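**Q** Protein chains in written order, with the working numbering: chain F, 1 to 287; chain S, 288 to 534; chain L, 535 to 817.
No lab work stands behind these hints, which were simulated from the structure alone. Nothing here was measured: the structure is a model prediction, and the numbers come from that model. Take these hints with a grain of salt, some might be off.
[Stated by the list, open to error] Okay, the calculated beta carbon distance ranges per label pair:
hint: 1; chain 1: L; residue 1: Pro734; chain 2: F; residue 2: Thr120; range: 20 to 28 Å
hint: 2; chain 1: S; residue 1: Arg516; chain 2: L; residue 2: Arg599; range: 19 to 27 Å
hint: 3; chain 1: L; residue 1: Val576; chain 2: S; residue 2: Ala412; range: 32 to 40 Å
[Said to hold, decoys possible] Rough simulated footprint, nothing fancy, chain S against chain F, three-plus residues with beta-carbon under 8 Å:
hint: 4; segment: 104-116
hint: 5; segment: 237-247
We put the beta carbon where it would ideally sit given N, CA and C, even for glycine.
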Amino acid sequence: MSDTLIEITALDHTYLPGTPMATRALRGASFRLKAGEIHALVGPSGSGKSTLCHFANGLLCPPAVGHVRVLEQDTGAKQCDVHLLRREVGLVFQQPHQQMLEELVGDEIAYGPAQLGLDTAQLRERVQEAMAAVGLSFQRYVDRRTFALSGGEMRRVALAGVLAMRPRIMVLDEATTGLDPIGKQQVAEFVRRLHDERGMTFVIVSNDMDEVASLADRVTVLYEGQTMATGPTQEILGPALGLARYGLLRSTAGQIVDRLAEAGLDVDRSPITLPEAEEAVWEAITH
Amino acid sequence: MYDERGIRRVVNAGLLLAITLLLAFTRIGFIPAPTPAGNATIAHIPAIIGGLLEGPLVGLIVGLGFGFASFLQATVPMFKDPLVAVLPRLFIGVTAAYTYLGLRKATKAQLRALLGVLLALVLFAAWRVYAVPNEDGSREALVPVLIAVLGIALVGGLYVWLDRQDPRIAVVALAAAVGSLTNTVLVLGVASMRGYLSPGVALGIGITHGIPEVIVAAVIVIAVVAALRGIGQRKRSRVSQEPPELV
Amino acid sequence: MGSYHALRHVSIGQYIPTGSVAHRLDPRTKLVAFVLLVACTVITKSYVGSLALLGIILAAVLATRLPLGYVLRGLRPALPFIVVLSLLQLAFYNSAAVAPEAKVMVDWGPVTITTASVQAVVVALLRFLGLLFLTSLLTNTTTTGALTHGIEHLLRPLTWLGLPGHEMALIATIALRFVPILGEEGEAILMAQASRAVTPERSGAWRLIDSASRGARLVVPLFVDAYRRSEELVLAMQARCYHGGRGRTQLHTLRLARRDATALSLVLAVFIATLLSRWITVA
């Protein structure tokens, strides 16, 4: 079985082609996801990140131009099993209140598995497992109304609902955008826990470079529908790439060492996380 | 009109009208159903909800919007007639509003009594159809029996359902049903008066189309009102555990 | 697949710029003309009147250089329905009640066709065509924004009649402004739903139930979202001291031109002629 779970090459996509409102979202984008990695997808708004995710989940298929291979399935082929993709690739959207499909939390999380014909005991097991993973007490939340929850609670329910399908890949499409630092931290913990304990593969769409720096193994940069760069986080967020071209900045740590270096301090500019930066600055000062 | 309630009514009317337009002009406004047209409309539901939650005036305005949208969207002569498309729709929200306002404080016992009255009406209607002979002297037997059986089944089912419900939900359901029926009855009635349909055909469409629409409307309106107002029976999720045995 | 992104682009008719006079008319003129002409089509009951009216409307459409084919294209899927319904109407028209003196042409069991039936059906079809073209005249020559302003301005004077004209204008504005916003919400909800559809659709009777429940699942979050936005909007309006419409100055002003006067007088003439023809023949 191949190590590459998702392989997208030369993908083009235009929304509403042939109408006055046609928008070309992707032009020859590429993306490769390997098993067990946390892969960040970054780029300014409108660069096509969400579109790429939709192809990965089978929401958009077949591709008009280009190749999309997800988990051994070629989405261009007729026998492409879209439903398999939906099961194995869990997609979480930015706004949790758009993802509430049921009135009660328990039913909402069980929505996916319920379609597989599991019996109540099996469903309950999955729901409990999912709720534990997101830190929601089963007893307290299972009968609550989804629309009566707070934003943070709804977000956790949305994550749990996707998790209950036990997907191989989780795609978080801007799932932390607009959250306060504690909220972001909770999601980050969730990602790390699932990655370390279960070997879950993640695709994280984010514009928070600090988050990307601390979580991701690899980063792909999208700009105006094209893949501009892809590589290990250290490299992409490092000093050499010139992210500014794509409307992006380095992580805060990277910016600090950049500024200090420009101001004259002989500091290593490669750090991307705060601990690394602290160490580098300390080293430079005490040299 | 300048206090918060007035502003709220204006804004809600606007938003409900927006949803109506969205439902009327795109495919999401039609739900496949076992009816002659193949679709049950849900674009009248914002008008019902407007009437329920904001009062008859809002219901009227949203209903007007629905009628107008329906008129613009129509591709068959019957619905391109403004008297058929627009006029009846004014009343959808109004009847729903007054039903709700009238029964809002009703207790379960009063609602049960209402069901009893309803059953009596249905049986009376059935008897009337039977009692009036046809032109050639024969008596219609099938239709009254059908009406009676359907009536008893319906009322019986509602009775059982009512028992397990928060009475406020039942009133909401009833208001939704009245609103939806207003739509069906008035539209078909005017169509019939204008000569597009004979009364017999109109009745047929009314039953086969109207009943599924009423059910869909009731289900959706209940879900929306429950989500917005937090009312309704405490439900249990299907994955809830049985409470532990008390020793 | 991938058809979710059309929802926010709901438009009430596609604006087709052809640069004709009609495009340059004030939207208020067009709205008033629309209402008057619709009234005309409803009032007319005779062959001559319907044909004349249809002729006038067609002339107007041709004058705007709108592609006729485009207008009629929407009819194609509905054609069988139109045929069937018209035949049904012909067969079962309650002629006896409406026009008892009409000559009977066919009397065959439950089916009775009189000259009045034929006239009713023909007039209905002519009216239908007329209304189709009228709608096109309005919506294809006026942008949604212009329509909104027109409606707003027209509803304002209703205040003098005791109706809440200003409030109604505001309602119309809010509605038209929020359609694309709620459309985007709807898109997102549909996508979220679809991304969790992990089994193929069930066939047969289940399809209906599934579709119905899917519809309900879409509509409920949409309403909840709309109410959330309405609460924000109410607060915003209160914060800006909204106090009704009296004395408000406007950002956009619409101006009437000579062509508006001409157009309106023409339409008024047609309207009066229609009324007269109806009343005269009755008398």
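**Q** Return holds or violated for the Cβ distance of Pro734(L) and Thr120(F) against the range 20 to 28 Å.
**A** Since the Cβ atoms of Pro734(L) and Thr120(F) sit about 23 Å apart, the hinted range of 20 to 28 Å holds.
**Q** Closer than 8 Å Cβ to Cβ for three or more residues is the test here. Does the segment 104-116 of chain F pass it with chain S?
**A** Since three or more residues must qualify, the claim that chain S covers the segment 104-116 of chain F holds, with 7 doing so at under 8 Å.
**Q** For the hint 32 to 40 Å, verify it against the beta carbon of Val576(L) and that of Ala412(S).
**A** holds (34 Å)
**Q** Do three or more residues from the segment 237-247 of chain F put their C-beta atoms closer than 8 Å to C-beta atoms of chain S?
**A** violated (count 0)
**Q** So the hint says 19 to 27 Å: do the beta-carbon atoms of Arg516(S) and Arg599(L) match that?
**A** Violated, at about 52 Å.
Hints 2 and 5, counting from the list given before, are not met by this structure.
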